[in-house]
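Visitor: Sequence:
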Amino acid sequence: MKKYLLIYNPVSGDAKFKTRLDEVIEYLQGAGGIVIPFRTRVKGDIQPFVSQAKWFATDGLIVAGGDGTVHEVINAMLTEAVEVPLGIIPSGTCNDFASHLNFGKDLSSCLNAVIGGQWRTVDVGRVNGEYFLNVASAGLLTSVAHSVDTSLKNTLGRMAYYFKGLGELPSFRSLRVKVTADGQILNDDILLFLVMNTGMVGSFPTLAPEAKIDDGKLDLLIVNKCSIPELMGLFLSIFSGRHISSSHIRHMQAADIYIECDEPVESDLDGELGPLLPLAISTVTNKLKVFI
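The sequence shown maps to residues 849 to 1140 in the numbering used here.
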(Lines of atoms letter the chains of each structure in order from A and count residues from 1; the text may use other names and numbers.)
(Lines give C-alpha, C1' and ligand atoms only; values in the text may rest on other atoms or scores of the structure.)
Protein backbone atom coordinates (compact mmCIF):
# COMPACT_ATOMS: atom_id res chain seq x y z
CA MET A 1 0.00 0.00 0.00
CA LYS A 2 1.16 3.55 -0.73
CA LYS A 3 1.77 5.80 2.27
CA TYR A 4 1.27 9.57 2.42
CA LEU A 5 1.44 12.45 4.85
CA LEU A 6 -1.33 15.03 4.46
CA ILE A 7 -0.68 18.47 5.94
CA TYR A 8 -3.60 20.90 5.80
CA ASN A 9 -4.27 24.44 6.97
CA PRO A 10 -7.87 24.60 8.27
CA VAL A 11 -8.17 28.39 7.84
CA SER A 12 -6.61 28.85 4.39
CA GLY A 13 -8.74 30.62 1.78
CA ASP A 14 -12.43 30.11 2.45
CA ALA A 15 -11.57 27.68 5.30
CA LYS A 16 -13.69 24.94 3.70
CA PHE A 17 -11.03 22.32 3.02
CA LYS A 18 -11.47 20.78 6.48
CA THR A 19 -15.07 19.90 5.59
CA ARG A 20 -13.73 17.70 2.77
CA LEU A 21 -11.05 15.96 4.77
CA ASP A 22 -12.97 12.67 4.98
CA GLU A 23 -13.50 12.82 1.22
CA VAL A 24 -9.76 13.15 0.67
CA ILE A 25 -8.89 10.27 2.98
CA GLU A 26 -11.58 8.05 1.44
CA TYR A 27 -10.28 8.86 -2.06
CA LEU A 28 -6.70 7.94 -1.20
CA GLN A 29 -7.71 4.83 0.73
CA GLY A 30 -9.85 3.76 -2.20
CA ALA A 31 -6.73 3.93 -4.37
CA GLY A 32 -4.85 1.68 -1.98
CA GLY A 33 -3.24 4.40 0.13
CA ILE A 34 -2.68 4.94 3.84
CA VAL A 35 -2.78 8.54 5.08
CA ILE A 36 -1.55 10.34 8.19
CA PRO A 37 -3.28 13.76 8.35
CA PHE A 38 -1.81 16.71 10.23
CA ARG A 39 -3.79 19.85 11.06
CA THR A 40 -1.43 22.81 11.27
CA ARG A 41 -2.33 25.07 14.19
CA VAL A 42 0.47 27.62 14.65
CA LYS A 43 3.34 28.91 12.55
CA GLY A 44 6.35 26.64 12.92
CA ASP A 45 4.55 23.41 13.82
CA ILE A 46 5.00 21.77 10.41
CA GLN A 47 8.73 21.06 10.56
CA PRO A 48 8.62 19.17 13.91
CA PHE A 49 5.83 17.00 12.51
CA VAL A 50 7.71 16.31 9.28
CA SER A 51 10.85 15.53 11.27
CA GLN A 52 9.01 12.90 13.30
CA ALA A 53 6.83 11.45 10.54
CA LYS A 54 9.06 11.65 7.43
CA TRP A 55 9.89 7.96 7.66
CA PHE A 56 6.21 7.15 7.00
CA ALA A 57 5.74 9.17 3.79
CA THR A 58 7.49 6.73 1.47
CA ASP A 59 5.27 7.58 -1.51
CA GLY A 60 4.52 11.27 -1.10
CA LEU A 61 3.62 14.25 1.00
CA ILE A 62 0.46 16.26 0.31
CA VAL A 63 -0.21 19.85 1.36
CA ALA A 64 -3.59 21.59 1.32
CA GLY A 65 -3.39 25.34 1.82
CA GLY A 66 -2.23 28.56 0.23
CA ASP A 67 1.22 29.76 -0.79
CA GLY A 68 2.26 30.40 2.81
CA THR A 69 1.42 26.85 3.90
CA VAL A 70 3.22 25.40 0.88
CA HIS A 71 6.20 27.61 1.78
CA GLU A 72 6.38 26.11 5.27
CA VAL A 73 6.05 22.58 3.93
CA ILE A 74 8.82 22.86 1.33
CA ASN A 75 11.14 24.39 3.94
CA ALA A 76 10.41 21.48 6.26
CA MET A 77 10.97 18.96 3.47
CA LEU A 78 14.26 20.45 2.29
CA THR A 79 15.58 21.03 5.81
CA GLU A 80 14.71 17.49 6.88
CA ALA A 81 15.93 15.97 3.58
CA VAL A 82 12.52 14.52 2.65
CA GLU A 83 13.00 13.51 -0.97
CA VAL A 84 9.54 12.15 -1.80
CA PRO A 85 7.27 13.98 -4.29
CA LEU A 86 4.99 16.78 -3.09
CA GLY A 87 1.30 16.92 -4.00
CA ILE A 88 -0.51 20.26 -3.79
CA ILE A 89 -4.22 20.85 -3.13
CA PRO A 90 -4.63 24.64 -3.62
CA SER A 91 -7.06 25.93 -1.00
CA GLY A 92 -5.64 29.34 -0.12
CA THR A 93 -6.47 32.90 -1.10
CA CYS A 94 -3.69 32.90 -3.70
CA ASN A 95 -2.20 29.69 -5.07
CA ASP A 96 0.36 31.01 -7.52
CA PHE A 97 2.72 28.05 -7.76
CA ALA A 98 -0.13 25.56 -8.05
CA SER A 99 -1.78 27.75 -10.68
CA HIS A 100 1.44 27.83 -12.69
CA LEU A 101 1.36 24.01 -12.71
CA ASN A 102 -2.29 24.14 -13.85
CA PHE A 103 -3.64 22.71 -10.61
CA GLY A 104 -7.18 24.02 -10.38
CA LYS A 105 -9.29 23.69 -7.27
CA ASP A 106 -10.90 20.46 -8.49
CA LEU A 107 -10.10 18.10 -5.64
CA SER A 108 -10.25 14.86 -7.63
CA SER A 109 -7.80 16.20 -10.23
CA CYS A 110 -5.28 17.10 -7.55
CA LEU A 111 -5.61 13.69 -5.90
CA ASN A 112 -5.38 11.89 -9.24
CA ALA A 113 -2.01 13.55 -9.77
CA VAL A 114 -0.84 12.07 -6.47
CA ILE A 115 -2.10 8.53 -6.95
CA GLY A 116 -0.91 8.58 -10.57
CA GLY A 117 2.63 8.75 -9.23
CA GLN A 118 4.10 10.93 -12.00
CA TRP A 119 6.38 13.75 -10.85
CA ARG A 120 8.92 16.29 -12.07
CA THR A 121 11.75 18.16 -10.41
CA VAL A 122 11.51 21.94 -10.01
CA ASP A 123 13.87 24.69 -8.96
CA VAL A 124 13.53 26.47 -5.65
CA GLY A 125 15.10 29.71 -4.45
CA ARG A 126 17.24 30.06 -1.38
CA VAL A 127 17.60 33.36 0.47
CA ASN A 128 19.75 33.83 3.58
CA GLY A 129 19.41 30.12 4.36
CA GLU A 130 15.63 29.87 3.87
CA TYR A 131 13.90 28.43 0.82
CA PHE A 132 11.10 29.90 -1.29
CA LEU A 133 9.12 28.20 -3.99
CA ASN A 134 7.54 31.09 -5.87
CA VAL A 135 8.70 34.62 -4.98
CA ALA A 136 10.98 36.71 -2.79
CA SER A 137 10.19 40.42 -2.72
CA ALA A 138 10.51 43.72 -0.88
CA GLY A 139 9.14 47.22 -1.21
CA LEU A 140 5.68 48.46 -2.11
CA LEU A 141 2.82 46.00 -1.41
CA THR A 142 5.07 43.25 -0.02
CA SER A 143 3.80 43.69 3.55
CA VAL A 144 0.15 43.42 2.49
CA ALA A 145 -0.09 39.66 2.99
CA HIS A 146 1.04 40.00 6.61
CA SER A 147 -1.38 42.77 7.54
CA VAL A 148 -4.68 41.77 5.90
CA ASP A 149 -7.26 40.63 8.44
CA THR A 150 -7.96 36.90 8.10
CA SER A 151 -11.74 37.29 8.16
CA LEU A 152 -11.55 39.96 5.43
CA LYS A 153 -9.26 37.73 3.37
CA ASN A 154 -11.65 34.79 3.73
CA THR A 155 -14.57 37.01 2.69
CA LEU A 156 -13.04 38.94 -0.21
CA GLY A 157 -10.30 36.55 -1.31
CA ARG A 158 -7.42 38.13 -3.25
CA MET A 159 -9.40 41.39 -3.56
CA ALA A 160 -8.58 41.99 0.11
CA TYR A 161 -4.91 42.25 -0.86
CA TYR A 162 -5.64 44.73 -3.64
CA PHE A 163 -7.75 46.99 -1.40
CA LYS A 164 -5.09 46.93 1.31
CA GLY A 165 -2.35 47.66 -1.22
CA LEU A 166 -4.14 50.70 -2.61
CA GLY A 167 -4.18 52.19 0.88
CA GLU A 168 -0.37 52.00 1.03
CA LEU A 169 0.27 54.05 -2.12
CA PRO A 170 0.06 57.63 -0.77
CA SER A 171 2.54 57.04 2.09
CA PHE A 172 5.09 54.82 0.38
CA ARG A 173 8.53 56.14 -0.54
CA SER A 174 11.19 54.64 -2.78
CA LEU A 175 14.15 52.53 -1.66
CA ARG A 176 17.75 53.03 -2.69
CA VAL A 177 19.14 49.58 -3.53
CA LYS A 178 22.20 47.97 -5.04
CA VAL A 179 21.50 44.79 -7.00
CA THR A 180 24.17 42.36 -8.16
CA ALA A 181 22.74 39.75 -10.55
CA ASP A 182 25.22 37.22 -11.98
CA GLY A 183 27.89 39.90 -11.83
CA GLN A 184 25.81 42.72 -13.31
CA ILE A 185 25.50 45.66 -10.88
CA LEU A 186 22.55 48.06 -10.67
CA ASN A 187 22.15 51.06 -8.37
CA ASP A 188 18.73 52.69 -8.41
CA ASP A 189 15.76 54.12 -6.53
CA ILE A 190 13.00 51.54 -6.71
CA LEU A 191 9.47 50.95 -5.46
CA LEU A 192 9.49 47.18 -5.56
CA PHE A 193 11.48 44.14 -6.59
CA LEU A 194 10.27 40.60 -7.21
CA VAL A 195 12.54 37.57 -7.56
CA MET A 196 10.31 34.94 -9.13
CA ASN A 197 10.42 31.26 -9.91
CA THR A 198 7.16 30.99 -11.87
CA GLY A 199 6.49 34.55 -13.01
CA MET A 200 3.04 34.42 -11.37
CA VAL A 201 2.55 36.58 -8.27
CA GLY A 202 -0.72 37.67 -6.67
CA SER A 203 -2.61 35.77 -9.39
CA PHE A 204 -1.06 37.98 -12.11
CA PRO A 205 0.06 35.30 -14.61
CA THR A 206 2.31 37.34 -16.90
CA LEU A 207 4.74 39.23 -14.67
CA ALA A 208 7.65 37.29 -16.19
CA PRO A 209 6.43 35.52 -19.35
CA GLU A 210 9.78 33.77 -19.92
CA ALA A 211 10.01 32.27 -16.42
CA LYS A 212 10.48 28.51 -16.14
CA ILE A 213 10.62 26.45 -12.99
CA ASP A 214 13.39 24.15 -14.17
CA ASP A 215 15.82 26.40 -16.05
CA GLY A 216 18.26 27.03 -13.19
CA LYS A 217 17.47 30.75 -13.14
CA LEU A 218 15.22 33.16 -11.26
CA ASP A 219 13.44 36.13 -12.85
CA LEU A 220 14.14 39.53 -11.30
CA LEU A 221 11.54 42.23 -11.90
CA ILE A 222 12.26 45.75 -10.60
CA VAL A 223 9.74 48.59 -10.54
CA ASN A 224 11.73 51.84 -10.63
CA LYS A 225 10.67 54.99 -8.77
CA CYS A 226 7.76 56.73 -10.47
CA SER A 227 4.73 58.87 -9.64
CA ILE A 228 1.44 57.42 -8.41
CA PRO A 229 -0.33 58.15 -11.76
CA GLU A 230 2.55 56.43 -13.60
CA LEU A 231 2.35 53.50 -11.19
CA MET A 232 -1.40 53.13 -11.73
CA GLY A 233 -0.77 53.12 -15.48
CA LEU A 234 1.87 50.44 -14.95
CA PHE A 235 -0.65 48.28 -13.09
CA LEU A 236 -3.01 48.57 -16.04
CA SER A 237 -0.24 47.51 -18.41
CA ILE A 238 0.37 44.43 -16.25
CA PHE A 239 -3.20 43.28 -16.89
CA SER A 240 -2.57 43.50 -20.62
CA GLY A 241 0.92 41.96 -20.48
CA ARG A 242 2.65 45.11 -21.82
CA HIS A 243 4.60 46.00 -18.68
CA ILE A 244 7.90 44.38 -19.71
CA SER A 245 8.41 47.10 -22.32
CA SER A 246 7.71 49.90 -19.80
CA SER A 247 10.50 52.37 -19.03
CA HIS A 248 9.66 51.91 -15.33
CA ILE A 249 10.36 48.16 -15.41
CA ARG A 250 13.69 46.34 -15.43
CA HIS A 251 13.65 42.58 -16.02
CA MET A 252 16.49 40.07 -16.08
CA GLN A 253 17.22 36.42 -15.36
CA ALA A 254 20.00 35.27 -13.04
CA ALA A 255 21.05 32.29 -10.94
CA ASP A 256 22.60 34.34 -8.12
CA ILE A 257 21.29 37.71 -6.93
CA TYR A 258 22.45 39.93 -4.07
CA ILE A 259 20.24 42.85 -3.02
CA GLU A 260 21.25 45.43 -0.44
CA CYS A 261 19.68 48.64 0.82
CA ASP A 262 20.93 51.58 2.88
CA GLU A 263 18.15 51.03 5.44
CA PRO A 264 16.57 47.99 7.15
CA VAL A 265 13.77 46.67 4.94
CA GLU A 266 11.63 43.58 5.50
CA SER A 267 11.32 41.03 2.73
CA ASP A 268 8.51 38.65 1.85
CA LEU A 269 8.94 34.99 0.92
CA ASP A 270 5.90 33.31 -0.66
CA GLY A 271 3.58 35.62 1.27
CA GLU A 272 5.38 35.01 4.58
CA LEU A 273 7.57 37.48 6.46
CA GLY A 274 11.17 37.06 5.32
CA PRO A 275 14.56 38.33 6.54
CA LEU A 276 15.73 41.93 6.49
CA LEU A 277 17.81 43.10 3.56
CA PRO A 278 20.48 42.42 2.41
CA LEU A 279 19.33 39.26 0.65
CA ALA A 280 21.68 36.67 -0.84
CA ILE A 281 19.45 34.78 -3.29
CA SER A 282 20.43 31.71 -5.26
CA THR A 283 18.78 29.07 -7.41
CA VAL A 284 18.73 25.49 -6.17
CA THR A 285 18.12 23.05 -9.02
CA ASN A 286 16.76 19.48 -8.97
CA LYS A 287 15.98 19.86 -5.28
CA LEU A 288 12.22 19.30 -5.10
CA LYS A 289 9.92 16.73 -6.68
CA VAL A 290 6.33 17.70 -7.43
CA PHE A 291 3.48 15.45 -8.55
CA ILE A 292 2.09 16.35 -11.98
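Some clues are possibly wrong.
[Unchecked claim] Calculated cross-link-like contacts (lysine to any residue; reagent style SDA-like; alpha-carbon spacing at most 25 Å): (1) LYS850 x ASP954; (2) LYS902 x GLY880; (3) LYS1065 x ASP1030; (4) LYS1060 x THR1133; (5) LYS1026 x CYS1074; (6) LYS1073 x LEU1034; (7) LYS1026 x ASP1036; (8) LYS1073 x GLU1111; (9) LYS850 x GLU871; (10) LYS1060 x LEU1040; (11) LYS850 x VAL890; (12) LYS1060 x LYS902; (13) LYS1135 x LEU1034; (14) LYS851 x GLU871; (15) LYS902 x ARG968.
[To be verified] Quick list of the computed label-pair ranges, beta carbon to beta carbon: (16) PHE1083 x GLU1108: 21 to 29 Å; (17) ALA1103 x ASN950: 41 to 49 Å; (18) GLU1111 x THR906: 27 to 35 Å; (19) ASP1062 x VAL890: 27 to 35 Å; (20) SER1075 x GLU931: 23 to 31 Å; (21) GLY1031 x SER956: 43 to 51 Å; (22) GLU931 x PHE1083: 39 to 47 Å.
The hints are simulated quantities; they were obtained by calculation from the structure and are not laboratory data.
Even glycine gets a Cβ: it sits at the ideal position worked out from N, Cα and C.
Visitor: Give a verdict on every hint.
Guide: How the hints compare with the structure:
{"no.": "1", "hint": "LYS850 x ASP954", "result": "22 Å, holds"}
{"no.": "2", "hint": "LYS902 x GLY880", "result": "20 Å, holds"}
{"no.": "3", "hint": "LYS1065 x ASP1030", "result": "10 Å, holds"}
{"no.": "4", "hint": "LYS1060 x THR1133", "result": "12 Å, holds"}
{"no.": "5", "hint": "LYS1026 x CYS1074", "result": "18 Å, holds"}
{"no.": "6", "hint": "LYS1073 x LEU1034", "result": "14 Å, holds"}
{"no.": "7", "hint": "LYS1026 x ASP1036", "result": "7 Å, holds"}
{"no.": "8", "hint": "LYS1073 x GLU1111", "result": "17 Å, holds"}
{"no.": "9", "hint": "LYS850 x GLU871", "result": "17 Å, holds"}
{"no.": "10", "hint": "LYS1060 x LEU1040", "result": "21 Å, holds"}
{"no.": "11", "hint": "LYS850 x VAL890", "result": "29 Å, violated"}
{"no.": "12", "hint": "LYS1060 x LYS902", "result": "29 Å, violated"}
{"no.": "13", "hint": "LYS1135 x LEU1034", "result": "29 Å, violated"}
{"no.": "14", "hint": "LYS851 x GLU871", "result": "17 Å, holds"}
{"no.": "15", "hint": "LYS902 x ARG968", "result": "20 Å, holds"}
{"no.": "16", "hint": "PHE1083 x GLU1108: 21 to 29 Å", "result": "27 Å, holds"}
{"no.": "17", "hint": "ALA1103 x ASN950: 41 to 49 Å", "result": "26 Å, violated"}
{"no.": "18", "hint": "GLU1111 x THR906: 27 to 35 Å", "result": "48 Å, violated"}
{"no.": "19", "hint": "ASP1062 x VAL890: 27 to 35 Å", "result": "33 Å, holds"}
{"no.": "20", "hint": "SER1075 x GLU931: 23 to 31 Å", "result": "49 Å, violated"}
{"no.": "21", "hint": "GLY1031 x SER956: 43 to 51 Å", "result": "48 Å, holds"}
{"no.": "22", "hint": "GLU931 x PHE1083: 39 to 47 Å", "result": "41 Å, holds"}
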